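Given next are the chains, with one letter for each unit.
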Amino acid sequence: MAHGHKNKRTIEGDNLVMGFQIAPMIDVVFVIMLFFMVMAGAVKVERELKTQLPGIGTPALSNEDTPPDEIIVTVEETGVVTLNEEEFDSPENKTLPNFTGTLMKLKQEADSRNAKVMVTIQAEEQARYERVIDVLNAMAKARIGNVTFTVGGEEF
Amino acid sequence: MGGGGGGGDGEPEFQIAPMIDVLLVLLIFFMSITSAQVLRIDKDIKLPVAADAKKKEDKNAMFEAAINIRWLSGKQESKIKLDDRELSNEEIVEALTDRKNNNPTYRVVIRGDRDTPAVEVQKVMALIAQSGIDDISFSALNQDG
Numbered sequence: 001m002a003h004g005h006k007n008k009r010t011i012e013g014d015n016l017v018m019g020f021q022i023a024p025m026i027d028v029v030f031v032i033m034l035f036f037m038v039m040a041g042a043v044k045v046e047r048e049l050k051t052q053l054p055g056i057g058t059p060a061l062s063n064e065d066t067p068p069d070e071i072i073v074t075v076e077e078t079g080v081v082t083l084n085e086e087e088f089d090s091p092e093n094k095t096l097p098n099f100t101g102t103l104m105k106l107k108q109e110a111d112s113r114n115a116k117v118m119v120t121i122q123a124e125e126q127a128r129y130e131r132v133i134d135v136l137n138a139m140a141k142a143r144i145g146n147v148t149f150t151v152g153g154e155e156f
Numbered sequence: 001m002g003g004g005g006g007g008g009d010g011e012p013e014f015q016i017a018p019m020i021d022v023l024l025v026l027l028i029f030f031m032s033i034t035s036a037q038v039l040r041i042d043k044d045i046k047l048p049v050a051a052d053a054k055k056k057e058d059k060n061a062m063f064e065a066a067i068n069i070r071w072l073s074g075k076q077e078s079k080i081k082l083d084d085r086e087l088s089n090e091e092i093v094e095a096l097t098d099r100k101n102n103n104p105t106y107r108v109v110i111r112g113d114r115d116t117p118a119v120e121v122q123k124v125m126a127l128i129a130q131s132g133i134d135d136i137s138f139s140a141l142n143q144d145g
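Chains as they are written, first to last, in the numbering used here: chain A, 1 to 156; chain B, 1 to 145.
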């Protein structure tokens with residue numbers, strides 16, 4: 001009898017252990033969720049600035065009736081950005097607000113005449129790539145698509 | 001304010017099952033946001049930031065090559081990698097020409113370090129132009145971090 005009783009107890013004990021514990025699972029899920037929530041704020045997504053290299057596939061601008069507006073943008077080693085030889089914004093300013101504003105105005109004005117805007121970027125050899133991207137970013141904001149690059153007088 | 005005591009013997013019990021459902025849905029949502037996209041980029045390259053650039057489309061990742069330009073500021077020289085292989089300039093042109101011939105819409109993404117001098121990037125653009133590819137894009141990040 002005593003033997004039988006003991007057996008029963010062990011079975012009860014087993015039952016207790018086997019029960020699926022929901023509370024620790026919620027704890028774990030909570031922690032994982034918090035991790036992903038925090039990470040979500042810092043997500044870095046790759047963006048792209050598309051452009052076409054001239055010479056091969058670009059549809060000839062000269063086919064148009066109106067000649068394109070040519071803008072020359074230079075990027076200097078020091079970070080100075082000039083538009084048609086006029087200096088814009090400070091070299092430290094990443095967002096280039098005045099430069100972007102001017103580009104937008106030029107673009108609007110060209111659009112109203114049905115002309116295209118063509119930008120040539122002349123970066124000095126030792127100018128930082130980051131600064132060139134800043135300029136391209138400003139162009140993306142102003143929705144200017146025709147961009148070419150020159151360096152040292154030789155056009156690529 | 002007797003506080004929900006109305007139930008008497010009824011069960012004003014906290015329902016755990018729907019809560020788990022909601023938690024799991026939230027978890028999946030945040031997991032999907034934190035995509036592994038960025039992980040493919042070379043860790044040694046600090047991409048520049050361009051918040052206004054377009055989001056990169058992943059659908060045609062099969063038909064694009066990535067050229068990584070690393071800038072070693074100590075040595076003042078750049079290291080160019082096509083996808084994950086370090087090749088000489090001629091080999092890069094050769095490989096890209098092959099791919100362009102197989103697929104006319106082939107494109108190249110340039111992932112340059114932000115400290116790279118512009119001339120290095122222009123050299124890479126010249127290589128791409130030599131191989132006959134005209135569709136290029138510059139890679140950047142949406143935010144600094």
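Calculated from the structure, these hints are not laboratory results. Any given hint might turn out to be false.
Ranges of calculated distance between the beta carbons of each label pair, as one might list FRET restraints [what the hints assert, rightly or not]:
1) A:Asp-111 / B:Ile-28: 40 to 48 Å
2) A:Met-37 / B:Asp-42: 46 to 54 Å
3) B:Asn-103 / A:Phe-30: 43 to 51 Å
4) A:Met-104 / B:Glu-90: 13 to 21 Å
5) B:Lys-55 / A:Glu-109: 27 to 35 Å
6) B:Ser-88 / A:Asn-98: 38 to 46 Å
7) A:Glu-92 / B:Thr-97: 51 to 59 Å
8) B:Met-19 / A:Glu-92: 45 to 53 Å
9) B:Met-62 / A:Val-31: 15 to 23 Å
10) A:Asn-98 / B:Ala-17: 54 to 62 Å
11) A:Glu-92 / B:Lys-79: 48 to 56 Å
This structure is a prediction, so every number in the text was calculated from the model and none was measured. Ideal placement from N, C-alpha and C gives every residue a C-beta, glycine not left out.
Status of the hints after comparison with the structure:
The hint said 40 to 48 Å for the Cβ distance between Asp-111 (chain A) and Ile-28 (chain B), and at roughly 44 Å that hint holds. Met-37 (chain A) and Asp-42 (chain B) have their C-beta atoms about 28 Å apart, which leaves the hinted 46 to 54 Å range violated. The hinted window of 43 to 51 Å between Asn-103 (chain B) and Phe-30 (chain A) holds, with their beta carbons roughly 48 Å apart. A beta carbon spacing of about 42 Å between Met-104 (chain A) and Glu-90 (chain B) contradicts the range 13 to 21 Å that was offered as a hint.
Range check, Lys-55 (chain B) to Glu-109 (chain A): about 29 Å between beta-carbon atoms, so the 27 to 35 Å window is met. As the Cβ distance of Ser-88 (chain B) to Asn-98 (chain A) is approximately 43 Å, the hint placing it in 38 to 46 Å holds. Against the hinted window of 51 to 59 Å, the Cβ-Cβ separation of Glu-92 (chain A) and Thr-97 (chain B) comes to about 41 Å, which falls outside the hint. Checking the proposed 45 to 53 Å range against Met-19 (chain B) and Glu-92 (chain A) shows it holds: the Cβ atoms sit about 50 Å from each other.
Our hint of 15 to 23 Å for Met-62 (chain B) and Val-31 (chain A) is violated, since their Cβ atoms are close to 37 Å apart. Against the hinted window of 54 to 62 Å, the Cβ-Cβ separation of Asn-98 (chain A) and Ala-17 (chain B) comes to about 58 Å, which satisfies the hint. Evaluation of the 48 to 56 Å hint for Glu-92 (chain A) and Lys-79 (chain B) yields a failure: the beta carbon distance comes to about 28 Å.
Against the hints set out earlier in the document, violations occur for numbers 2, 4, 7, 9 and 11.
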